[in-house]
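Start from the sequences, fold in the hints, and give me the full structure.
Chains as they are written, first to last, in numbering that gives the first Met the number 0: chain A, 0 to 285; chain B, 0 to 309.
Quick caveat, the hints were computed from the structure, so don't treat them as lab data.
By construction, the Cβ of each residue, glycine as well, lies at the ideal position given by its N, Cα and C atoms.
Not the full set, but computed from the structure, chain B residues with beta-carbon under 7 Å of chain A: (1) Met51; (2) Leu53; (3) Pro70; (4) Val82; (5) Leu99; (6) Gly105.
A few chain B residues that face chain A, going by a derived Cβ cut-off under 10 Å, partial list only: (7) Arg48; (8) Arg73; (9) Gly79; (10) Ala86; (11) Pro89; (12) Gly104; (13) Arg145.
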Amino acid sequence: MIALVRTEFTKAARRMRTLVIVVLLVGLPSLIVFAINEHHGRPERGGDQTDGLFRLATQSGLLVPAAVLVAMSGFLLVVIAGTFAGDSVAGDAGWGNLRYLLMRPVARGRLLIAKAFVAGVMIWAATILVALAGLVAGVLLFGSHAVVVPTTTFVDSGRVFGGFGLRTLTQTMLIERTVLATAYVAFGYTALLALGTLFSTFTDSAAGAIGATIGVYIVSEILDAITALGRVRYGFPTHYANAWTTMFTANHFSREMLIGVIVQAIYFVVAGGAALVVFRRKDIRS
Amino acid sequence: MTEPVVAVDALSKHFGGVGAVEDLTFRVERGQVYGLLGPNGAGKTTTLRVLMGLERPSSGETRLFGTPVTPGCRELTRVGAMVEQAAFVPHLSGMLNLKLWWEAGGARMRDADLDGALAIAGLGDAIHRRVKTYSQGMKQRLGFARLLLARPELLVLDEPTNGLDPAEIREIRELIGRVSTQGATVLLSSHHLSEVEQVCSHVIVMNNGRLVADGTVHDLVGTAGSNYIEVDDRERARAVLAALPIVASVQAQGDGLVVELRDGQRSDLAAALVAAGLRVETLMATQRLEDAFLDLLATPSAAAPAGGAA
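Below you can see the structure in the form of structure tokens.
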């Protein structure tokens with residue numbers, strides 16, 4: 000299994016596309032940091048928790064990774080995660096190489112697990128790279144100070160938390176929370192990974208599988224914005240995507256983060272299991 | 000009794016109610032070089048895909064070395080296969096493609112016949128170039144190198160010379176000959192009839208998913224025999240041959256005679272001529288595999304389509 004993972008990783012890592020993604024993931028956070036710096040002290044009217052993060056980010060470079068994750072996790076990282084997941088099986092099928100792997104022979108279940116694992120590693124690596132690039136650019140521009148954040152009263156999962164006041168987040172606390180936030184954001188693509196792998200088993204067109212994967216995520220975001228859908232929204236893979244931001248903006252670890260992890264795990268088991276069943280039974284026509 | 004290397008029993012494969020292969024049965028014994036002939040859509044590639052565990056049969060069974068074929072079964076490690084065109088990861092070099100493919104199977108590179116495979120590929124320094132820069136011929140040669148890494152006991156080749164120029168086709172043909180003389184069994188699908196005639200000892204003819212003929216190339220070509228004969232005394236030979244019950248007609252052509260057989264073998268003609276004291280200088284079939292193949296496809300049973308709505 001290790002050898003199989005190594006071969007799949009080599010294939011993914013040596014693509015020009017991967018190099019372009021790395022450049023984007025390093026370059027864009029730096030651009031965002033400069034944009035934050037440009038708008039320093041001039042926040043737009045209105046806004047939500049995530050806007051608060053951008054305002055706070057100018058106080059300490061240690062908050063920049065969180066701001067950058069907010070900026071990039073809703074679309075660019077989704078595209079990248081969808082690309083790695085959707086391409087996992089369909090990429091090889093499109094090249095015609097899948098049949099040669101299966102005739103080697105490589106057991107279908109092992110191959111699918113190796114491909115999904117490598118796609119998952121790439122997604123985690125992409126998310127970590129975004130946070131690291133933001134951290135480096137942020138610390139260079141804004142320094143690495145502790146920050147004072149407001150604590151507010153708000154409702155989380157039906158319960159009332161907090162109170163009005165101020166709280167200092169030390170450098171250590173900021174780093175710990177950044178690590179946790181990065182892990183949460185990366186884990187938030189687990190449903191996408193499983194769905195993308197499933198779609199990838201349906202088709203020999205990597206573009207089709209990638210498009211379907213990203214499409215599902217976008218549809219989920221759109222539907223999640225329709226509050227009239229009520230509790231149904233709680234099952235969408237994107238519903239809890241930003242639950243982590245209150246760690247920075249309100250000094251609060253939301254219970255929704257835990258629920259978000261559970262929702263992602265359920266998608267992983269269901270869609271991942273379906274991908275295994277489909278791939279094992281499928282006639283390979285590519 | 001040893002198991003056949005390939006055994007296909009009552010194999011049927013349907014796609015959405017359309018029959019691609021229907022009730023196909025054949026055997027390939029150790030050391031044979033078997034040609035799988037048929038026009039496009041005859042079911043050759045589907046048969047090979049089922050044999051390699053890429054597709055599941057709708058009914059029937061395929062066995063390799065006596066073991067039923069399932070996706071990823073261990074017997075596939077004894078087979079070197081090229082189904083349709085050779086395909087690789089395009090952004091990796093030829094060498095890295097060979098290495099990754101080999102190691103994906105859980106084996107170490109030092110256990111592969113890399114030197115032999117590279118000699119066959121004959122790609123020189125190009126083996127270190129990315130595959131997307133290769134011509135089709137180079138890819139096919141690299142494909143042969145890949146399937147020979149494991150020193151396979153059975154080669155399964157589906158249209159291996161498609162897209163190649165005449166020199167490359169000849170190379171591939173010689174390669175198949177070399178591998179088979181080293182003891183490997185070969186199952187070769189092709190619609191290049193001359194290729195099959197030159198390379199194969201046995202042939203299976205398929206049409207519309209069904210078996211039309213199965214036997215030696217010699218039998219297939221010889222059964223509907225049209226023969227050309229040159230002897231030292233043409234007129235006497237004509238009289239001798241015309242008197243034989245196995246001969247349907249004798250006609251003069253050039254310096255020789257064209258003899259149509261009703262039944263019997265070409266060797267019967269030679270025996271009769273020699274017994275009559277004639278010296279036989281040339282005796283050859285005027286019918287080639289192509290003629291036999293087209294005759295077979297023209298028969299009503301061969302032209303009937305495989306079971307439609309299954």
